[in-house]
Amino acid sequence: MQLKTPKTIKEIAAIIRAEYDGDPEMIVSGLNEIHRVKKGDITFVDHPKYYKKALSSAASTIIINKKMAFPNGKALIFSDDPFRDFVSLVKKFSPFQSAESMISPSATIGKHSILQPGVFIGNHVSIGKNCLIHPNVTIYDNCVIGDHVVIHSGAVIGADAFYFKRRTDHYDKLASCGRVVIEDNVEIGANTTIDKGVSGDTVIGAGTKLDNLIQVGHDTIIGKNCLFAAQVGVAGCVNIEDDVILWGQVGVQKDLTIGKGAVVLGQSGIAKSLDGNKTYFGSPVKEAKEKMKELAMMKRLPEIIERL
Amino acid sequence: MQLKTPKTIKEIAAIIRAEYDGDPEMIVSGLNEIHRVKKGDITFVDHPKYYKKALSSAASTIIINKKMAFPNGKALIFSDDPFRDFVSLVKKFSPFQSAESMISPSATIGKHSILQPGVFIGNHVSIGKNCLIHPNVTIYDNCVIGDHVVIHSGAVIGADAFYFKRRTDHYDKLASCGRVVIEDNVEIGANTTIDKGVSGDTVIGAGTKLDNLIQVGHDTIIGKNCLFAAQVGVAGCVNIEDDVILWGQVGVQKDLTIGKGAVVLGQSGIAKSLDGNKTYFGSPVKEAKEKMKELAMMKRLPEIIERL
Amino acid sequence: MQLKTPKTIKEIAAIIRAEYDGDPEMIVSGLNEIHRVKKGDITFVDHPKYYKKALSSAASTIIINKKMAFPNGKALIFSDDPFRDFVSLVKKFSPFQSAESMISPSATIGKHSILQPGVFIGNHVSIGKNCLIHPNVTIYDNCVIGDHVVIHSGAVIGADAFYFKRRTDHYDKLASCGRVVIEDNVEIGANTTIDKGVSGDTVIGAGTKLDNLIQVGHDTIIGKNCLFAAQVGVAGCVNIEDDVILWGQVGVQKDLTIGKGAVVLGQSGIAKSLDGNKTYFGSPVKEAKEKMKELAMMKRLPEIIERL
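Residue numbers (the numbering used here), protein chains in the order written: chain A, 1 to 308; chain B, 309 to 616; chain C, 617 to 924.
Just chain A, same shape as in the assembly (with noise of 0.2 Å):
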């Protein structure tokens, strides 16, 4: 998330009542969940096998729970708890607005698009041209929809990303600020869900096709002319490229990357990275050929077992 506007290390640090080392005066333009970092954004880190991670960065600006030299044109705010600070900034500068209308007055909508009864727009969404919203669609704060867009009943774009820290007795949840982008000519199936960025961008590329019943994680990008079937649930953070198809049922675990042009068949599940142009199957997910071969044997198994 950028900053409407860019505040001085002295000022954040003032919010959150922290100490700080580093140029008083430096900017922080941006909040950015670790996975998402920019220059002139400040992040945080709580778990010291991720604070190389944190400082190495391109975040210029770091909440940490340890007392350290600070990098070379960077800061450091000290912190007992950088998960409760960085919290506490987002929902200072991305506070949650009531709605006033089923259509924020905020929000621009372009020529010729068509928004059906009981459609629910957020503050600040804006709407290409020639965009069809169809009944009871909902679409969250700050989300951004190209032109040319399907969006079918019932689909919500930008719901919180699912993302909770586990304290000793409850979970915190990490506030998010980030948007939905879906790009144009996409088409969004009935009751797919969307979830936006922790503090960046949901992508759903130029000319994909979800069909029904989707989840789509934050954070997750997906790349143009992607095809996913009906109840296919990707976690956040993932990264699928151009022309991957994924038939129904398929889930993909967070973190990882599906190479351009991939054909997954139904009901597999990928808990790794998958290379490009080729077809998958199974749970856990093989080369569709692999897989085949495997099923092939599994057949001959009771004459293996006469013949022991």
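Any given hint might turn out to be false.
What the hints assert, rightly or not - Sample of chain A residues with no beta-carbon within 12 Å of chain B, all distances over it, derived:
1. K10
2. A18
3. K92
4. R166
What the hints assert, rightly or not - Partial list, derived from the structure: chain B residues whose beta carbon lies under 7 Å from chain C:
5. I422
6. G426
7. P443
8. N444
9. S461
10. G462
11. A498
12. N499
13. G515
14. K517
15. D519
16. A538
17. G574
18. L609
19. L616
Said to hold, decoys possible - In silico lysine to aspartate or glutamate, EDC-like type, Cα no more than 16 Å apart, as pairs:
20. C/K840 to A/D172
21. C/K909 to B/E611
22. C/K915 to A/E287
23. C/K909 to B/E614
24. C/K915 to A/E294
25. C/K789 to B/D492
26. B/K601 to A/E303
27. A/K129 to A/D184
28. A/K293 to C/E919
29. C/K683 to C/D662
30. A/K260 to A/D242
31. A/K224 to B/D480
32. B/K607 to C/E910
33. C/K915 to A/E290
34. C/K690 to C/E641
35. A/K299 to B/E602
36. A/K260 to B/D477
37. C/K682 to C/E635
38. B/K568 to C/D785
39. B/K580 to B/E595
40. B/K601 to A/E306
Just so you know, these hints were derived from the structure itself, not from any lab.
By construction, the Cβ of each residue, glycine as well, lies at the ideal position given by its N, Cα and C atoms.
With chain A's structure known, arrange chains B and C on it following the hints.
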């Protein structure tokens, strides 16, 4: 789809600016995709692999991308892109009409039927008597609901068929003009989605009960008194006979038949037609007793490996 | 379900025009299906296999289809169709009331709770304080929502139990009169569906977080601080203890228990009760380390076959 006013071949050919061969006054009374054609229909074919199927089908008129002699009593319309021209006919004869209100004034609602708040009823929808439509249900144009039907909240009846043609650098959509027909005494669960036929009907047979979050694809015909548990996914053009039971999360691929009285256990994946009156399990699915034997043998694998 | 005004056996028997045996003045204070009975309840049994269970249950009154002596302190009501008569009692004491508006005037909403547009709140629903109910959510009659609860768009809370009795040529529905109870600090994802209890409560324990497109069946009890990823499906009458984690697309069959702290990996299928504090995988599910061994052995099958 039946045309409201039948047209002659000559008129149809003029609309898509194409040459034709056959009786210029021959009547086109309907428009149908090749799976659902009958006498009087116009259909299309664009792949040599399916020429014979199209030419020998019940359709009276075929839009085809090869010049050839027309069969007895039929007519051919020649097009360099039959898919494009068929879609343009669908759009001409079944244009999208945006809604003026949540309940279309052209819809008919039977006696003692209750529509809860937030329900959307599209143009020319017909709902029988003694139905209960729970809040926030969406029923697209032209769907037909029988008597004593219960539809739970969030269900979407009649969204577009998920049917796209791959072009070099994008997908083209086959505009759908079919309907969903729900017979008497059916119950549809919350957030279940049932897509309309491409040009014919998707049918849910009398007395069938569908649980929540189920997907039923375009042109699928489900028989009477079937029972589907939550999260079942059925692709397009499937034929499910009477008294079939599908347990939770079962997936069914397109263009196949499940015989009367078949029972399929949870999470099974069905890629081929199944005989009736048997119990099945697994992905890919097998007869349950066979699958159980296979699972038992799997348990003996460590022993087998040790023996070798 | 508790009756608003308790009735005597004599009165109940008169409603369904049945004979009875026992103290005519014995009080019936509640109506419950056999899974959830307590003292004062009336329940029903129609299969000899379950006579003993019903007669020895906590229920005070049993509608039964066989004349027999009544046990101490209980009463029997004789019916040729106990299911039909139980349903008629449910319909009498818990009749469906259609809604007058999107927010029922009989609902109570706590301080600082926000209901976004398009939300339906049924009769006698209770919502605690500091809740955020996103657009187009549906909450059926009588449900109870605690404090600090977030419910995302399209979620459906309290649809009918999916519970049907097979007759010769159709299914009869067990009318449900239970509730959904959502405790404090729960988050419910977009388009998730949670069915009401048949006669008791479906419960989501405090602090539990459910992702999108999840199904929770009737009378299921989920403990505190559980985490379910998207597209999980849980059948009816399941007991899930505290701190259970179910990853995406896991399926859980009815009438079983998952122990405290169990973790179940994606796409697993659970058909039997699971001990707590272990990790599971597979369909059918096994302990994950066992399943991993099995998968490793599968890879050796070609070698085994070659050796033979």
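Verification of the hints:
1. K10: 49 Å, holds
2. A18: Given a closest Cβ separation of 44 Å, the condition holds.
3. K92: Non-interface label on A/K92 holds, nearest chain B Cβ at 34 Å vs cutoff 12 Å.
4. R166: 27 Å, holds
5. I422: Holds: closest Cβ of chain C sits about 5 Å from B/I422, inside 7 Å.
6. G426: 5 Å, holds
7. P443: Since the shortest Cβ distance to chain C is 4 Å, the answer is holds.
8. N444: Constraint on B/N444 satisfied, holds at 5 Å.
9. S461: 4 Å, holds
10. G462: Hint holds; B/G462 Cβ to chain C Cβ min 5 Å, cut 7 Å.
11. A498: 4 Å, holds
12. N499: Constraint on B/N499 satisfied, holds at 5 Å.
13. G515: 5 Å, holds
14. K517: Because about 6 Å separates B/K517 from the closest Cβ in chain C, which is inside the 7 Å limit, the hint holds.
15. D519: Hint holds; B/D519 Cβ to chain C Cβ min 4 Å, cut 7 Å.
16. A538: 4 Å, holds
17. G574: Check passed: Cβ of B/G574 comes within 5 Å of chain C, closer than 7 Å.
18. L609: Constraint on B/L609 satisfied, holds at 5 Å.
19. L616: Where the cut-off is 7 Å and the nearest Cβ of chain C is about 6 Å from B/L616, the hint holds.
20. C/K840 to A/D172: Given pair C/K840, A/D172 holds - Cα atoms ~14 Å apart, limit 16 Å.
21. C/K909 to B/E611: With Cα atoms ~13 Å apart, C/K909 and B/E611 stay inside 16 Å; holds.
22. C/K915 to A/E287: Satisfied, since the Cα-Cα distance of roughly 13 Å is no more than 16 Å.
23. C/K909 to B/E614: Holds. C/K909 to B/E614 sits at ~14 Å (cutoff 16 Å).
24. C/K915 to A/E294: 8 Å, holds
25. C/K789 to B/D492: 14 Å, holds
26. B/K601 to A/E303: Holds. B/K601 to A/E303 sits at ~13 Å (cutoff 16 Å).
27. A/K129 to A/D184: 9 Å, holds
28. A/K293 to C/E919: Judged against 16 Å, a Cα distance of about 13 Å means the pair holds.
29. C/K683 to C/D662: Since the Cα atoms of C/K683 and C/D662 sit roughly 12 Å apart, the hinted pair holds (cutoff 16 Å).
30. A/K260 to A/D242: Cα-Cα ~5 Å, so holds.
31. A/K224 to B/D480: Between A/K224 and B/D480 the Cα gap is close to 14 Å, so the pair holds against 16 Å.
32. B/K607 to C/E910: Given that 16 Å is the threshold and the Cα spacing comes to 8 Å, the pair holds.
33. C/K915 to A/E290: Holds. C/K915 to A/E290 sits at ~10 Å (cutoff 16 Å).
34. C/K690 to C/E641: Answer holds: C/K690 to C/E641 is near 12 Å, not above 16 Å.
35. A/K299 to B/E602: Satisfied, since the Cα-Cα distance of roughly 8 Å is no more than 16 Å.
36. A/K260 to B/D477: Roughly 14 Å between the alpha carbons, so the hint for A/K260 and B/D477 holds.
37. C/K682 to C/E635: Measuring from Cα to Cα gives roughly 11 Å; hence the hint holds.
38. B/K568 to C/D785: 14 Å, holds
39. B/K580 to B/E595: 12 Å, holds
40. B/K601 to A/E306: Answer holds: B/K601 to A/E306 is near 14 Å, not above 16 Å.
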